[in-house]
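Enquirer: For this one, chain A is given, so just place chain B on it according to the hints.
Each chain, written out:
Number of protein chains: 2
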Amino acid sequence: MPDPSTRSTEIAGTPLDPGELRQVDLYWRAANYLSAGQIYLLDNPLLREPLAPEHIKPRLLGHWGTTPGLNFVYAHLSRQVRRRGTEMMWIVGPGHGGPAAVATAWLDGTYSEIYPRVSRDAEGMRRLFRQFSFPGGVPSHAAPETPGSIHEGGELGYALSHAYGAAFDNPSLVVAAVVGDGEAETGPLAGSWSSTRFLDPVRDGAVLPILHLNGYKIAGPTVLARIPESDLVALLEGHGHRPYLVSGDDPETMHRQMAATLDTALDEIDAIRTRAREEGVTGPFRWPMIVLRSPKGWTGPAEVDGEPVAGTWRSHQVPLPGVRENADHLRQLEEWLRGYRPEELFDDDGRPRPEVVAQVPRGDRRISASPHANGGRLLTDLALPDFRDYAVDVPAPGADTAEPTRVLGGFLRDVITANPRTFRVMGPDETASNRLDAMFDATGRTWEAATLPTDRGLAPDGRVMEVLSEHLCQGWLEGYLLTGRHGLLNSYEAFVHIVDSMFNQHAKWLKVARTLPWRKPVASLNYLLSSHVWRQDHNGFSHQDPGFLDHVVNKKAEVVRVYLPPDANTLLSMADHCLRSRDYVNVIVSGKQPSLNLLPMDAAIEHCARGLGVLDWASSDEGGHPDVVLACAGDVPTLEALAAADLLRRHLPDLRVRLVNVVDLMRLQPDSEHPHGLSDRDYDALFTVDRPVVFAFHGYPALIHRLAYRRAGHANLHVRGYKEEGTTTTPFDMVMMNDLDRFHLVMDVIDRVPGLADRAADLRRHMEEERRRCRAHTREHGEDAPDIRDWTWPHRG
Amino acid sequence: MPDPSTRSTEIAGTPLDPGELRQVDLYWRAANYLSAGQIYLLDNPLLREPLAPEHIKPRLLGHWGTTPGLNFVYAHLSRQVRRRGTEMMWIVGPGHGGPAAVATAWLDGTYSEIYPRVSRDAEGMRRLFRQFSFPGGVPSHAAPETPGSIHEGGELGYALSHAYGAAFDNPSLVVAAVVGDGEAETGPLAGSWSSTRFLDPVRDGAVLPILHLNGYKIAGPTVLARIPESDLVALLEGHGHRPYLVSGDDPETMHRQMAATLDTALDEIDAIRTRAREEGVTGPFRWPMIVLRSPKGWTGPAEVDGEPVAGTWRSHQVPLPGVRENADHLRQLEEWLRGYRPEELFDDDGRPRPEVVAQVPRGDRRISASPHANGGRLLTDLALPDFRDYAVDVPAPGADTAEPTRVLGGFLRDVITANPRTFRVMGPDETASNRLDAMFDATGRTWEAATLPTDRGLAPDGRVMEVLSEHLCQGWLEGYLLTGRHGLLNSYEAFVHIVDSMFNQHAKWLKVARTLPWRKPVASLNYLLSSHVWRQDHNGFSHQDPGFLDHVVNKKAEVVRVYLPPDANTLLSMADHCLRSRDYVNVIVSGKQPSLNLLPMDAAIEHCARGLGVLDWASSDEGGHPDVVLACAGDVPTLEALAAADLLRRHLPDLRVRLVNVVDLMRLQPDSEHPHGLSDRDYDALFTVDRPVVFAFHGYPALIHRLAYRRAGHANLHVRGYKEEGTTTTPFDMVMMNDLDRFHLVMDVIDRVPGLADRAADLRRHMEEERRRCRAHTREHGEDAPDIRDWTWPHRG
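Line order of the protein sequences matches chains A and B. Note that the UniProt record's numbering numbers the first sequence so that position 351 is 351, with each residue one more than the last. Note that the UniProt record's numbering numbers the second sequence so that position 714 is 714, with each residue one more than the last.
Accuracy of the hints is not assured; some may be wrong.
Since the list gives no way to pick out one identical chain from another, each pair is judged satisfied if it fits inside one copy or across any two copies.
Cross-link-like lysine-lysine pairs, in silico, BS3-like; alpha carbons within 27 Å at most [what the hints assert, rightly or not]: (1) Lys511 - Lys723; (2) Lys520 - Lys723; (3) Lys511 - Lys556; (4) Lys520 - Lys556.
Hints in this document: simulated from the structure, not taken from any laboratory.
Chain A with its partners taken away, still in its complex shape (with noise of 0.2 Å):
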């Protein structure tokens, strides 16, 4: 590795005046000494006194190695903005960068405007150091709680998909993004740098990799730090960008390095601004980007018990670990605080001196107080159409078939068109598949790239975007809602576990952000899973998976709903509703085969308003007290469901059947449990508390008995569902090895239905046979037997 000191980048930005240096070293070493004051002082904030052990936090939690850059790249960029006007928000990616972010919030004033216990004088910066890592105080990451920042930097990886999914539609909007070394190893972030080829500078904002190398992980080298220079320099142009290094120790040289260096890239951004927007020049662009090399740990101790500290991964976390016991730790502490010169920094209150905040930007252009950084403040309700306007006639329930994804496609396309800088829509290269290409009536696919004479519907500014990541999928839109704005990511329901912990870390997000006043609430996380378990008839066993359910409803009850709309038409009337929510995660499942049309519009609002109901057409119940329940949810398991209750209805025709179709599969818990959950005694009254339910779901049983283990009649509940069998095959031939088909649902009843068992007998040894001949027709022929293929409900009377 070349020395780092050998390489300052030769660049044309206006350099600092004496004065401007002094300004930005004292910002940053004001939120340097801030930042130390968090990981360690319980008391004695501005060490008015000489440090004593009891000034000291018992458990030494923080992480010191990241902050020191985070603190000079914020220093630097609030310069360029009080400077240039630049509209400018931040995204911290290193882990543990919290100590900066909040240090830095707190020297802005945002932070007391926002926790005002937490003021800007002596008290507040006592109460400020006191709460962080400390027991119900803040996190060490950058988090809901955190002013300025819509990324959550505990999980690595996102800091970039983050910070594009912000610019995207904010047409003014310069976001740095900080990439820590360590989160680059991530596969999410190394597939992100590909964003530049998505990023349209006539609609977009910009995006400003700062790509700190510190050097270290945990305990040893990143990758990054330690490939040749040259090497590192060729992945980033290959990726689309210009890289200006800016690296070394000595903080003047570095402040002037930086301050030119950042000034020629927002210049360069300008550029590209002006040239795209005013001249019409299209791509590609080379978009600039800063590579910060500086020391793990910079201006903190660099040697600690005869071991190098400052410059290696001993700064990681806490660089004098024993201050309390250890006497000569403790005087080193104070050394290391006191080197920050305190008393220059903060008044005799407590409060930074004019001259410290001089570069300080006003109101909401400082980056910690960016309304994009709490999206509900910018948040606009979506014009929506009518979904009632693109509802499936419905003579009679079930007696024909629509695609359903393809029914909401349309809505889809209208919203688009009226809500052209607002909305949209991720996918990794399945929306056609998934049959929602009604929207390429309206617009394009997101393409920056080159193209081809055969190419179609791309388009710079496309509101659909495509790429094969579902991580940059789930980033982009995160990044797009939580500045305010709205989406939607369809995916396919096996592969969205790919960003099972992405999902994690926004629905955390969200339990949070509930709690925090200040922040708005913003557009719901909308999740359409289309080409689901039940239909991977090419993609076989691999593509077969429904367990994102289970996987979501793990989190809090608050923030997670789940649909299973069973039609077109439920289908909208759910799109609908999520399209109009806020603050929740919404999965929706719902297939993109023709499947049946079962409810007229009215009756579907209603059913999706109630979550679930009985079907009377389908059921033979009367009104009465049923002899057994046979329930569903989702459109396959309705289906077999359906075709069950018509046998039944055929072959015993004095058994009272009622069919119960769950939409809404959080109806399901108790009330106690879940906002949406049914009382014991409409529980009850649906599914008895006597009878045999028999359940046809459509993912895996066991959740449904997870959802309702408490409910009186458990013990009577007998739930088919995706059991891991599957394969290349046929629709029916899936159902049939899962149990899950209309034959083996038929065999449920009878097996549990008291009394059954001896009187339909011979129905049962039927249903075999019937399941034999399909499995028999599907081997043979290759496809499912046409009285399958074909079957609707019967029209009655």
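Expert: Positioned in the frame of chain A, the structure of chain B alone reads:
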């Protein structure tokens, strides 16, 4: 984008003579014919009769687009193996590459050796065609059923990490990894290019990435195919490669280019090996790779219904979709298939003519027959030291503490020493943080990039692989295991969700592989989740998620195992068990923080063998029928349950409490559901059918209900666990936030044992006060109250 035809690579490899050209082209044509046949033909495999609709499959479900390029690659790889004697395997990254992998294996003879019914003759060809994407047949992706594959090609993103995993510690192997340009957009793939920085040219084999730019995903262009070529080259150079470009569409030219390029690349690999192994040269080495730019759907129909097809996204699936109904499509298909001149390729019996297979290597050298791709064939048992030798001394149960993972580290250190070429430990930078650092006494961290004098413990052949990418860790390990070696992945519990989807695919692979007699068992995939939900003292809410256990148990019971050893000795016993096991996914959750030593080694072994059991010394039922069962699973819940039992013993000495600890979570399921499941009789004997069971659980409470809902006593089961409440706080505050603490467990017992509510009302109030006391102490002092911090199980007698 430049015209592909203008960019042939000038390289120095050996040119093809006319005979070689003819051979490789014959092989390619035959593979293409066999691939198209798989997609379309139900019968008439050799086109001995004019093609008629009844010869066509009723459901056309294959994917043509990627196939001819894959066949082209395979033909050339195979030729080089024959020529050079290289030991080679390949990874088929592109989705739906099944037809190519199967066609080439059939041509090689491998397929018929494994599946004799699919013989290498006309009848076998008919079966080969019919079975593809046909009910009961074979998948359209490379899959466990595919000879020569260790890679499930359904979910994309892992081609390179699997390839590197295969190459580690296989010094004579070359792994050719075909990466599709769709897959290249995924985060995990993008992140895995950095594997070059972890490959030791001395101890490891080589990976030859072949980036196949056919330009399109399902419905649009791919990023890497459309960025400026200079950016593409820079990107790949940035990853440490020397990229060679092969591009065009004229077969003869392309054959010549590919032959010479491959020759050059393999020469360079040989040269690197020589320099590293014989001359002692150290890196960085610039590893060769190939960019193959060929038309999507190459050699397929150029135009269908007036739209261009070959060379566009319209070739992605079935280029002629209407052959059964549309006479024009049928005619086009026949022309297309006959264009390969099957009569030149296959003899009268349907066998490949000698000239077609003249270049196929012999026996195990055939790429499709590589023993590395059926790793169980090469697997040897680990040499395991006696884990009893690492036991902690337990003079009295619960009287003192150890850090379980630190104890395990000593055992793993000696496993490494005893198995220097067949065992690796992967983890995202947390090995030392997880206190497994004894391993570093025996080995280093794998590191091929630059080093500095201040570095510690980096080594090119280190057995511990750390990279801040769970995807890369998991992909490497999967590749390593599937090629017949052993390993362990350690991770933060919350962030193992990052690889949820990879786990799914591996579990699915194992489920299918177990049904294939020719696939020999491989070592289990072992997860050690150490920094778990309850001890995220300084990381807080973002790091708190125990849901991986829920995720895992959705997969087939015969494949998944979950262990929660409560102390150091049980951890040692479980780890030994897992390292000896085959074809499972084992998940071990064990804390790294000091926790009570509960069981002497003999008792620990017995407890682990049973999977669960009564801790007599902590129970007060004296072997009789208890008033209440206190159950626990996980180290922190066990501590709280023990403390609760102690409180009950002291305050309610006549209450008969049975304390049951669960190590093997699967024991809770009925034996009908899981091979480890306890019979109802044994379960009922342990948990009773009529007494309240208060269960303190490591994860989300719903998981216990889900496993135990069929048990007779389920209505009496009350579970405490993580309920998604957390923050940066002390360990005891965390359990209090989730009502899992000892005081709350006592309250739960009081609330549930009949008659106790009145008798123990004072105690219940006292417990509430204790909670308030502890909370106040924590808020005031930032640490747990001393009596909580220092609690150990009371010595008896």
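Enquirer: Is it within, between, both or neither when you check Lys520 against Lys723 at 27 Å Cα-Cα?
Expert: between (42 Å within a copy, 25 Å between copies)
Enquirer: Checking an output row: Lys511 and Lys556, CA cutoff 27 Å. Within, between, both or neither?
Expert: Classified as within; 7 Å inside a copy, 33 Å across copies.
Enquirer: Go through the copies and call it for Lys520 and Lys556: within, between, both or neither, with a Cα cutoff of 27 Å.
Expert: This pair counts as within: shortest intra-copy Cα distance 19 Å, inter-copy 43 Å.
Enquirer: Have a look at Lys511 and Lys723 and pick one of within, between, both or neither, based on CA distance no larger than 27 Å.
Expert: between (32 Å within a copy, 13 Å between copies)
Hint check: no violations occur; every hint is consistent with the structure.
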